[in-house]
Amino acid sequence: MTLEELKRRLSEELAKETPNHRLIAELTDALLDETSDEVRFSVDAQHINRLGLELVGKQETAVSELIKNAYDADATEVLVEFENYKDKGGRLVISDNGNGMTSDVIRRSWMRLSTDEKNEFPTSPIFKRLRAGRKGIGRFSAQRLGKRLTLESNVAGSVTGIRVLFNWDEEFKAGRNLNSIWNSISTYPKESSKKGTKLIIDDLRDGWTDAAFKQVWKSIIFLQPPFKLAATSPKMDVDPGFSVVINGKSNSVVNTEFSIEKSFLQHALATIAAKIDENGNAHIHLSSPKLDIDEEHVLDERFLVVGELSFEARYFVYHSSVMPGRFVKDASRMGRDFGGIRVYRNGFRVLPYGEKADDWLNLSYDAALRTTLNPANNNNFFGHVAIDRDNNPYLEETSSREGLIENEAFIELHQFTRKVIDWAAQRIASVRNRKRTSGQRGFRSDVRRPSDILSEAIKSLDGGENDATSSTEDREEIRAKLSAVIGEVKTYEDEATSRIQSMLDYEEMLRVLASLGISISVFSHEIKGAQNGVNTQIALISSEFLSLGGERSRLNSLKEALDRLFSLGGYVDALVSKHESRELKEVSVLGVIESFVNQFKAYLDRQGVVFDTDVTPSYLRTCAIHRSELDSVLFNFLTNSTKSLKSSGLREPRIRIAATKEENWMVLRFEDNGKGIDDEYIGRVFDAFFTTSEPDPDDISGKGTGLGLRIVADIAEAYGGSVSVVSPSENYNCCIEFRIPVSEDQRK
Amino acid sequence: MTYRGLYIDDMDEGSAEILSGSDLKFSSEISLCSLPELAQKIREYGPDILAIDYRLDENQEAYNRENTYRAGGVAQLLREVALENPKEDFPIIMVSNENKISTLFSPDKTAHDLFDEWYSKESIAESRCRVQRQAVSLIEGYKAIADWRTKGHETSELFSISRDAWHDLSVGDFAQELEEPSIPTHVIARHILRKVVLRTGILLNTRDISARLGIDPELSKMDEIMDEIGARGIMYTGVFSSGWKRAWRHRFNAWAADFFGAQITSLTGIQRAQILEEKGFSVKPAISKWTKSSKEFFALSCASCDYPTEQMNSVAALDSDVPSFVDRKRICFHCVMTDHYEKKKLKISSIDEPVVCRIKSGSLKEGGA
Numbered sequence: 014m015t016l017e018e019l020k021r022r023l024s025e026e027l028a029k030e031t032p033n034h035r036l037i038a039e040l041t042d043a044l045l046d047e048t049s050d051e052v053r054f055s056v057d058a059q060h061i062n063r064l065g066l067e068l069v070g071k072q073e074t075a076v077s078e079l080i081k082n083a084y085d086a087d088a089t090e091v092l093v094e095f096e097n098y099k100d101k102g103g104r105l106v107i108s109d110n111g112n113g114m115t116s117d118v119i120r121r122s123w124m125r126l127s128t129d130e131k132n133e134f135p136t137s138p139i140f141k142r143l144r145a146g147r148k149g150i151g152r153f154s155a156q157r158l159g160k161r162l163t164l165e166s167n168v169a170g171s172v173t174g175i176r177v178l179f180n181w182d183e184e185f186k187a188g189r190n191l192n193s194i195w196n197s198i199s200t201y202p203k204e205s206s207k208k209g210t211k212l213i214i215d216d217l218r219d220g221w222t223d224a225a226f227k228q229v230w231k232s233i234i235f236l237q238p239p240f241k242l243a244a245t246s247p248k249m250d251v252d253p254g255f256s257v258v259i260n261g262k263s264n265s266v267v268n269t270e271f272s273i274e275k276s277f278l279q280h281a282l283a284t285i286a287a288k289i290d291e292n293g294n295a296h297i298h299l300s301s302p303k304l305d306i307d308e309e310h311v312l313d314e315r316f317l318v319v320g321e322l323s324f325e326a327r328y329f330v331y332h333s334s335v336m337p338g339r340f341v342k343d344a345s346r347m348g349r350d351f352g353g354i355r356v357y358r359n360g361f362r363v364l365p366y367g368e369k370a371d372d373w374l375n376l377s378y379d380a381a382l383r384t385t386l387n388p389a390n391n392n393n394f395f396g397h398v399a400i401d402r403d404n405n406p407y408l409e410e411t412s413s414r415e416g417l418i419e420n421e422a423f424i425e426l427h428q429f430t431r432k433v434i435d436w437a438a439q440r441i442a443s444v445r446n447r448k449r450t451s452g453q454r455g456f457r458s459d460v461r462r463p464s465d466i467l468s469e470a471i472k473s474l475d476g477g478e479n480d481a482t483s484s485t486e487d488r489e490e491i492r493a494k495l496s497a498v499i500g501e502v503k504t505y506e507d508e509a510t511s512r513i514q515s516m517l518d519y520e521e522m523l524r525v526l527a528s529l530g531i532s533i534s535v536f537s538h539e540i541k542g543a544q545n546g547v548n549t550q551i552a553l554i555s556s557e558f559l560s561l562g563g564e565r566s567r568l569n570s571l572k573e574a575l576d577r578l579f580s581l582g583g584y585v586d587a588l589v590s591k592h593e594s595r596e597l598k599e600v601s602v603l604g605v606i607e608s609f610v611n612q613f614k615a616y617l618d619r620q621g622v623v624f625d626t627d628v629t630p631s632y633l634r635t636c637a638i639h640r641s642e643l644d645s646v647l648f649n650f651l652t653n654s655t656k657s658l659k660s661s662g663l664r665e666p667r668i669r670i671a672a673t674k675e676e677n678w679m680v681l682r683f684e685d686n687g688k689g690i691d692d693e694y695i696g697r698v699f700d701a702f703f704t705t706s707e708p709d710p711d712d713i714s715g716k717g718t719g720l721g722l723r724i725v726a727d728i729a730e731a732y733g734g735s736v737s738v739v740s741p742s743e744n745y746n747c748c749i750e751f752r753i754p755v756s757e758d759q760r761k
Numbered sequence: 013m014t015y016r017g018l019y020i021d022d023m024d025e026g027s028a029e030i031l032s033g034s035d036l037k038f039s040s041e042i043s044l045c046s047l048p049e050l051a052q053k054i055r056e057y058g059p060d061i062l063a064i065d066y067r068l069d070e071n072q073e074a075y076n077r078e079n080t081y082r083a084g085g086v087a088q089l090l091r092e093v094a095l096e097n098p099k100e101d102f103p104i105i106m107v108s109n110e111n112k113i114s115t116l117f118s119p120d121k122t123a124h125d126l127f128d129e130w131y132s133k134e135s136i137a138e139s140r141c142r143v144q145r146q147a148v149s150l151i152e153g154y155k156a157i158a159d160w161r162t163k164g165h166e167t168s169e170l171f172s173i174s175r176d177a178w179h180d181l182s183v184g185d186f187a188q189e190l191e192e193p194s195i196p197t198h199v200i201a202r203h204i205l206r207k208v209v210l211r212t213g214i215l216l217n218t219r220d221i222s223a224r225l226g227i228d229p230e231l232s233k234m235d236e237i238m239d240e241i242g243a244r245g246i247m248y249t250g251v252f253s254s255g256w257k258r259a260w261r262h263r264f265n266a267w268a269a270d271f272f273g274a275q276i277t278s279l280t281g282i283q284r285a286q287i288l289e290e291k292g293f294s295v296k297p298a299i300s301k302w303t304k305s306s307k308e309f310f311a312l313s314c315a316s317c318d319y320p321t322e323q324m325n326s327v328a329a330l331d332s333d334v335p336s337f338v339d340r341k342r343i344c345f346h347c348v349m350t351d352h353y354e355k356k357k358l359k360i361s362s363i364d365e366p367v368v369c370r371i372k373s374g375s376l377k378e379g380g381a
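Protein sequences appear in the order of chains A and B.
Every letter in the first sequence is one number past the one before it in my numbering, and letter 522, counting from 1, is 535.
Every letter in the second sequence is one number past the one before it in my numbering, and letter 58, counting from 1, is 70.
Don't read these hints as lab results, they were simulated from the structure.
Values in this document were obtained by computation on a predicted structure and should not be read as measured data.
We treat Cβ as the ideally placed atom computed from N, Cα and C, and that holds for glycine.
Don't take every hint at face value.
Label-pair ranges, simulated between beta-carbon atoms [stated by the list, open to error]:
{"hint": "1", "chain 1": "A", "residue 1": "K203", "chain 2": "B", "residue 2": "T80", "range": "55 to 65 Å"}
{"hint": "2", "chain 1": "B", "residue 1": "D159", "chain 2": "A", "residue 2": "P630", "range": "56 to 66 Å"}
{"hint": "3", "chain 1": "B", "residue 1": "V93", "chain 2": "A", "residue 2": "I37", "range": "54 to 64 Å"}
{"hint": "4", "chain 1": "A", "residue 1": "R565", "chain 2": "B", "residue 2": "R244", "range": "34 to 44 Å"}
{"hint": "5", "chain 1": "A", "residue 1": "E184", "chain 2": "B", "residue 2": "E96", "range": "51 to 61 Å"}
{"hint": "6", "chain 1": "A", "residue 1": "D100", "chain 2": "B", "residue 2": "E96", "range": "24 to 34 Å"}
{"hint": "7", "chain 1": "B", "residue 1": "T280", "chain 2": "A", "residue 2": "R697", "range": "50 to 60 Å"}
{"hint": "8", "chain 1": "A", "residue 1": "E557", "chain 2": "B", "residue 2": "V93", "range": "35 to 45 Å"}
Assemble the whole structure, with the sequences as input and the hints as a guide.
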C-alpha cells in the first residue's frame, strides 16, 4: 500500500460512525513505518511458533512446563486430561486450582512476551513458592502441544471468568505482524469462590502412546526431588504441596507404581550428603548402616563461584553380598532405568541431567575406560543436586529449558559433584576391601587359598638354605611344620564342606518352601472360591432346616466349623496376596498385632487361651519390611506356642505378645506358659528341619516342618536383626525374641 | 406385587435363589451366549432388575470363545439401549467374590459407573434380607424416578420433602443435574445414590448418628434411638429410603439441639450419654481411640473403623470430586497410626501429610501427650 493509500484509508476509517479500531491501529503502524525518521523492530507472528514448537523440544517437557506454571500460581491440584489422544488431533485439558488471572493480568502479563514479572515477584503470593519459570515463555508450551488453545481463568471473588481463544496455526502465520493478531476474549458467569486456570488444547500435534505417558509421568514424578529438600523460605512449611492427576491417575498412585522409594532406594548401600557452604567449602557426610560407616569429610578444594548448594544421593552395589539376593535383579533394573544424578532448581527438575542417556558427570565414560574399578557408574547412584536462584545466580537455565548454561559456575557444579561421588565410592570400596583402582598396589584379599598357605610355609622352610645341609632336627622341624600346614588345610576344607552342606540344606529348604508355597497358594485360592458357594447353600438350607424343626445350635456348629476353615483360608490367601506385592514399607507394629489378634482371637478363645498384648510405644514402627513377613513371624510363633500349650495340657494357657523399642531396635517378645524349650535344643531351634513336635491333624499349626523358626531367623537377618530364645517373664515358660531396626524416623 | 429379577452367572451356586424373597424372584434361566445375543435375550425377558456376576468366563465347562466378556460389557450395552428406550432402564447390580470387588470397585476403578450397587457373594449369604430389601428399593426407586420425570413434579417430591426445605439444603447444581431432561433414569439414580444416599451429607446413617451422639454404636441400644428418631419424623422417606435407613441431617440437628438443650457439638461424649441415659436410653459413651477418654467432642464416624471420632483427632481422606453438600471422609488418628485405613483402600489427603508424619514418627502421641 502506498503512503497516499494509507492516509486515505485511515481518514475514511476515522470518519465512520463506528470505526474499526484494530484497522486504525494497523494503518497507523504502517503509516509510522513509512514516515518516521527512525527504525524499530517488529515481530513476525511466526515467532510464537519458534517459542513453542522450536524451543520446547519434547511434548512431555511442554506438559511439565505448563504444570510448573500451575505450581507458580499456588495451585494445589493440577488435573491433566487427554481425550482421543492416541492419534494426532486429540484434546488436552490442563486445569488447576491456583490463583487464576484477572483480565488485567492476562493483558499485562500473559499476553506479553518475555515478561519480567517472575523476576519482579520471585515468590508466589500465597505459599511463597519460589517460582519455577523465569523466562516468561513457558506458556508457549501450549503451542507446542496443539494447534488451538482456549484459556479460561477464574479469580476468587469475581462472578465472571475470562476466556481467550488462540488459533496458533491459522492466525500466527509468517508475514503477519504479531501485534496485528487479535485473540477474542470473553467472559462467562461463575461461582464467586471458584478459582484456577484451565488450558484446553485442541488438535494435538502428536499422538500419545503409553510409552509417551510413561515419559510424562517420569518427568512429573521427578519434577520434584526424590528426597526432601531443605525449605528455602521460612513460610514453605505451610505449603500443602500439589498433586498432579493425569487421566484420573494421581501422582501418589503413580509414585507407588514406580515405587522408587519402596522398591529401590531402600536397598541403597550408602547415603551421601554433601553441601557447599557460604565460604565455598565442600562438606561430605557418608553413612552406611550396612557397612557401619558414618563419616564426615571436607574436600581440599574450595568452590567460590557456584554458591551454596546441597547434594544427596544413594549409592547402590547390585550384589547379593550387600542387598537381599531376591532384590538384586529388580534393583539393578531400577538403577538402569532411573539411576543418575539429577539437578533440581527451586525444587523443579532441570533436564537432561540424570536422564538415562545423559552422562554429564562422565561416570559411564570413566567406568568404560576402567579408570575406576569400584562400581561408580550412573546406575550406581540415585540422587540430585539442589540449586536455587538466590544462592546460585550464575547457574542459568537455557531458553530451551533443557540444560544449564555451561559457564564457570556450571563447571564448579560438575567438579564438586564428581569429587563427592569419587570420594564416597572410594571410601566404600576401601571399607569393603575392594580393589579401588586398576593401579592399586599391595591389595590383599581377606580370603586365603590353601595353596597360598602351603607355598608360604615351604618358603619359610627353605629359608634360602641348601637342603644338603639339613640335619635330622631340620627334617623333624619340616615334618612338624608340614603337619601344621596340613592341619590348617584340613580345617579349611572341613569348614568349606560344612558351609557347602549348610548351603545345600538351605537350598533344599527353599525348594520345599517353594513347592509348599505354590500348593498353599492354590489351596487357599480354592478355599476362598468354595466359600461363596458353601455359604450360599448353608443360608438356603438353614431356612428349610429351621422350618422343618431343626435345632439352630446344630446349624451354628456347622457354620462355626466352616468359618474356621474359611477364616484360615482367607488369612493365607491375604498373606499370599500381600506377598505378591514386593513393596517394602515401615510397618506399624500395633497395627500388625491388632490385625493378627483379631484374626486368631476366635480360635484361641475356643482353645481357652488367654491372649495378652502390649505395644509400647504404640506408635512403634519397624524398618521397611514386607508386611507379610511380620505376619509370618507372628504366625510361626503362634503355631509353636499352640503346639507347646496343647502338649502341656494346662488349665490356663496363656500367650503374650509384647513389643518395645530398645535403642534403635523394635523388639518383639512372644511368650507362652507351655512346656518351654529344653536346654539341649536351644542351640538348634533355628536350624532348618529341626522339630520336636508330633503331628496333630486337628491343630491349626499342623505337622511341624522344622522350618518355621528358621524362616523367622532368616527374616530377622535379612534386615540386620536377630532372633533368640531369651528368659521369659514371670508366669511364662518360653520366650522368643525377634528384633529388627525401627523405622528411620524413630531412630535416635 | 412380586418383581421379576434376572440373574446372570456362569457358575450360579444358589445366588439367584438367595437373592429372591417374597417381593422379588430372581430367575437364572438365561444361559451365556455371545454378548449381543445375551443383551437381546435380557431385553426380551424385560426384568425389573438385573443381577450379574463380574466374571462370566470362569466356568470351563460353559466356556466359549464368544463369551469372553465381563459384566461391564453387558451393562454397557444395556445402558446404551436405555438411552434410546427409557422404558428399558432398570437397575443393574453386580455380584462377585470379595477380592474382585475390593480390587475393582472400592473405589470404583472401572471406566464406566454402570452398576447401581455391588455386593460380594459373602454379603449376600450373610445379609440376605438387607440385600433383598435394597434390590427391591432399587426397583421401586427407578420406577419412582421414571414416574417423577413423566409427571414433571418438583425435585423435592422425589425426596419426600417440602419445596422450601429442599431449597434450604443448598444442594447447588445437584438439583439442576437431576432436572436435566436428557439424562436417563439410571444416571439420576446414580447421582442420588452416590451423592445423597450412600454418602454422609444431607442424610446420616446409623453410624453417623452414633458418632454425633458420642455413643458407642456396639454397646448402645441404637434401635431404641433410631425408633425415637423415627417417631420424631426425622427419617428420610424419599427415593431409595426403603433399602437404606437414613435420617435427614437438618432435622436431626434441630431435634438434637432441642433434646440436649444445647448445640450437640458443645457437649462431650460423657455429657451426651448422661442426657440420653437420663431420658431413658441405654447407651455407653464412645471412648476416643486416640485419647482413650469419653470427655471428647465426638463429631463424625471414622471412614476406616466406623467408630465415633473427633474432628481434631482425625485427618482428611483423599476424597476428591464430591459436591459441597457431601461430608469429606475423615480417618481417625488411631487408624492412621496402625495403618488400618489401608485395608479399606483409603488414602490420606496430602493436606494432612505433616500430621501423618508426626503420628507415624511418634512426635504426636496417643493420649494427647
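Here is what the structure says about each hint:
| no. | hint | in the structure |
| --- | --- | --- |
| 1 | K203(A) to T80(B): 55 to 65 Å | violated (47 Å) |
| 2 | D159(B) to P630(A): 56 to 66 Å | holds (60 Å) |
| 3 | V93(B) to I37(A): 54 to 64 Å | holds (60 Å) |
| 4 | R565(A) to R244(B): 34 to 44 Å | holds (36 Å) |
| 5 | E184(A) to E96(B): 51 to 61 Å | violated (42 Å) |
| 6 | D100(A) to E96(B): 24 to 34 Å | holds (29 Å) |
| 7 | T280(B) to R697(A): 50 to 60 Å | holds (58 Å) |
| 8 | E557(A) to V93(B): 35 to 45 Å | holds (38 Å) |
Consistency with the previously given hints fails for numbers 1, 5, ordered from lowest to highest.
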